[in-house]
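Residue numbers (this note's numbering), protein chains in the order written: chain A, 2 to 497; chain B, 14 to 325; chain C, 7 to 148.
No wet-lab data here; the hints were simulated from the structure.
If you're wondering where the values come from, they're calculated on a predicted model, not measured in any experiment.
Glycine included, each C-beta is placed from N, C-alpha and C at the ideal position.
Some clues are possibly wrong.
[To be verified] Short derived list, chain B residues pointing at chain A, Cβ under 7 Å:
#1 D37
#2 P53
#3 L56
#4 E60
#5 A115
#6 L117
#7 F128
#8 D230
#9 C234
#10 G307
Listed below, chain by chain, are the residues.
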Amino acid sequence: MDNRRITIEPITRLEGHGKIEIFLDGKGVVERAYFQVPELRGFEKFAQGRPAEDMPQITSRICGVCPTAHHMASTKALDALYQVTPPPAARKIRELIYSTFYVEDHALHFYFLGGPDFVVGPQAPAAERNVLGVIAKVGIETGQKVIAMRRRLRELMALAGGKAAHPVFGLPGGVAKPLTAADAARFREVAGEAVEFAQFTLGIFEKVVLQNSEYVDLILSDAYTHKTYYMGMVDEKNQVNFYDGMLRVVAPDGKEWAKFRPDQYLDYIGERVEPWTYMKFCYLKGIGWKGFSEGSDSGVYCVAPLARLNAAEGMATPQAHEAYQKYHATLGGRPVHHTLANHWARVVEMLYAAERMQELANDPELINPDVRTLPTATPREGVGVVEAPRGTLFHHYKTDERGMITGANLIVATQNNAARIAMGVEKAAKKLITGGQVPEGLLNMVEMAFRAYDPCLGCATHALPGSMPLIVQVRDPRGSPLAVLRRDSDGSIHRE
Amino acid sequence: MKPKVAFYWCASCGGCEEAVVDLDEKILDVANAVDIVFWPVALDFKEHDVEAMPDGSILASFINGAIRNSDQLKMAKLLRAKSQVVVAFGVCAQLGGIPGLANLTDAKGIYAEVFKDGVTPERLHQNNGHSLSLPEFFDTVVELGRVIDVDYYVPGCPPTPKIIGAALGVLLGSELPPKGTVLAPDEALCEECPRKDTRPEKMLLKEFKRVHQVVADQQTCLLAQGLACLGPGTRAGCEALCPRGNMPCTGCFGPTSRVRDYGAKALSALASVIDSDDEAEIARILDALPDPAGLFYRYSLPSSFLGRRRME
Amino acid sequence: MPETFEPKIVAFFCNWCTYLAADLAGTSRIKYAPNTRVVRVMCSGRVDPQFILDAFAKGADGVLIGGCHPGDCHYQEGNYKMLRRFALLKRLVKQMGIEDERLRLEWISAAEGERVKTVINDMVAKVRALGPRAAASQKEVA
């Protein structure tokens, strides 16, 4: 490669394809760094003409690492589309599968994807910077424990959802099959292990990272710090919730900037195209796109663990809440602006997911055989939103009266982080590469700037700017419809 | 010296990578037996590392994902040159997969839908004196075997740990099967399905149902209940995971060896159970299958005879 | 002078009815458009949808299937099997951009030599008006 340009291709230890192009001036100083995503498959286009009920299984193929997230958002969009509410047992089964998946996926990132940077070392030889290197470092017994935990979680996901990779449980108004008492017992058993495992993982982070002053300095360093807005889904107590709730945005100073129902997202989130990448950049409409910049005047915002723990004011389960408080206390309070703290926040979330798994597995209503409400309404439009492990995930479908998709709008997790990732890669490159000569380990440290977000680029290369009508159904407290209002893309409002 | 293997993803979702990780403890045995020289999801080796390898020095490359752009085409050819054996891993590499549904449209259609603001990503772009490139985005998605010579296929979306384990066993064994073999049982899924014994003597349906319209019984044959289960037209090997999840098979293991166009035969199988000789009644029954292309070609459109919808 | 497009029609005719009708048309010196390539099958029920799609893929602009009238099938049920398959295949190929006129199923009995002429002439005219099934560039996929 010529000495004015460094190409990292492909970027590694994440889901998806990407490359980083770093341009140096004559003195070996970084002029500009670009995070390019070269992949695109066009799901929103080929979703058109598909039956809506096929969307949970089609959209799960956007990502094989987080298929359950897409499947879940899609299923919730179908609930809205057909105006059906799942019976309580079905909702609990969904949340149980989701919590199980969260433990597994967050653990995958910690041990396989991002973890090697810390456990083995950011500038360790490339051949060692991977899960095998992690196992060599933490010991084969721990390695086997990690693998066994993952296996048991995946078995449960298949038990309840048909398959662990690309599950089949999602239907409008419910799930495909109920859980038996024996199933619930297995979930209880594994949930207990999952809670222990999450605490164990926190322990590893403590020992390997927090007790290593070099790593702590790295986390707190300016190279990996950005002061942006943060968004996450919260319950009515402003605690983190992955499955359902309101979306809360806090400003760089931590104060609440907005709180809205997920189906109002088009009022808050905009997208921007740059000609050098397929990934579109999300920004807050209320602030506006001010370029790749940070601060309260820039619409750039952040999602996923770091952001969720900033946007919320606590965790809904006791051990996770304790871990949350310790996390903020150590890092100087809410909000935390250090990107690498994502790795820690992710483990706090892992603990919450495990505790939530335990709560649901112990709920007697879980094994109620009634898990379907059959739709009767004519479908038209529906929005389904969840917190995917990598950020807020929006599925928005429009159909004809037969339930055939006429339009699909997907804003996928990592896209919300796209601008901040691009900024992070450039900032890290600028701060770390100063003398022209760039050892491979240093290039890995540039990659660490994106890896902390646990990006999913297969996911991120989707979405189209929403210019579809928004339909609001007004219901009385018992749920009976009172009125249907429609706001067209030109802003005009009609009563249907 | 340990034999070298590589894993790569083209237009892929990463599920096949997860499937390899689902080997669980066995992955440590694999890691001990071979040198993984390229696997972007998990290891930090880069493209230039592969380019530097002598031709044929990789024993086997496992490539998943369909071919959607020029970068993926380039990597497929590169790995072919560096490898003795290439295995098309997963249904996207074998038949085109779900990304292949994009063959119902084309590049223009996708760009128009995804990039509506007036700015579109460019193949070559100059930004402040920096020249940046993106790969060429093809109009048509193709399966791996269309652009390089493929030695073996491991089917599924994704392949199951059992199928992967069996495939590895065969590949590391003493006698390699004939080139082009699909490494999975060569019979229909019905043979493996726990609901097999509930199939009626003669399968005749007066109507089909869409999955959200009924609550499926957990024991009875799904097709017999009127759901569009493609088990009869699909290769076995997965042990009927979706029917165990109480949902119909959607065909991700592709056809048996005696079928050339999966969708055509799956269509034939479903048509054959329609209980009517009357054109008008047949038409009414078929209204419950509103998307034949999406149903029958969900995973196999690029590999079908037609390959894609007619270009405008 | 521009060449007029001449469509290629692949025809699958059943041995007992339509093929005999085509023979009859021949011996009766009935002239009809020469665009069809006829494949004789024992029964219209033998026509696998794969044959039809393969024909289109290999350059056919239209595919015609000829069988016995309902109730007259030499093998009792074969033409009904074709009917059911055909109904579903028609919907599938429509999604693939293949127009209605390009795929046709006709019941033509052994005595109906004239009908062979009418059907083929009609189909050739309609497909000629539509143009080639696939644009030349579509043959390149990558």
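Could you work out which earlier hints the structure fails to respect and list their numbers in ascending sequence? The structure breaks hints 8 and 9; every other hint is satisfied.
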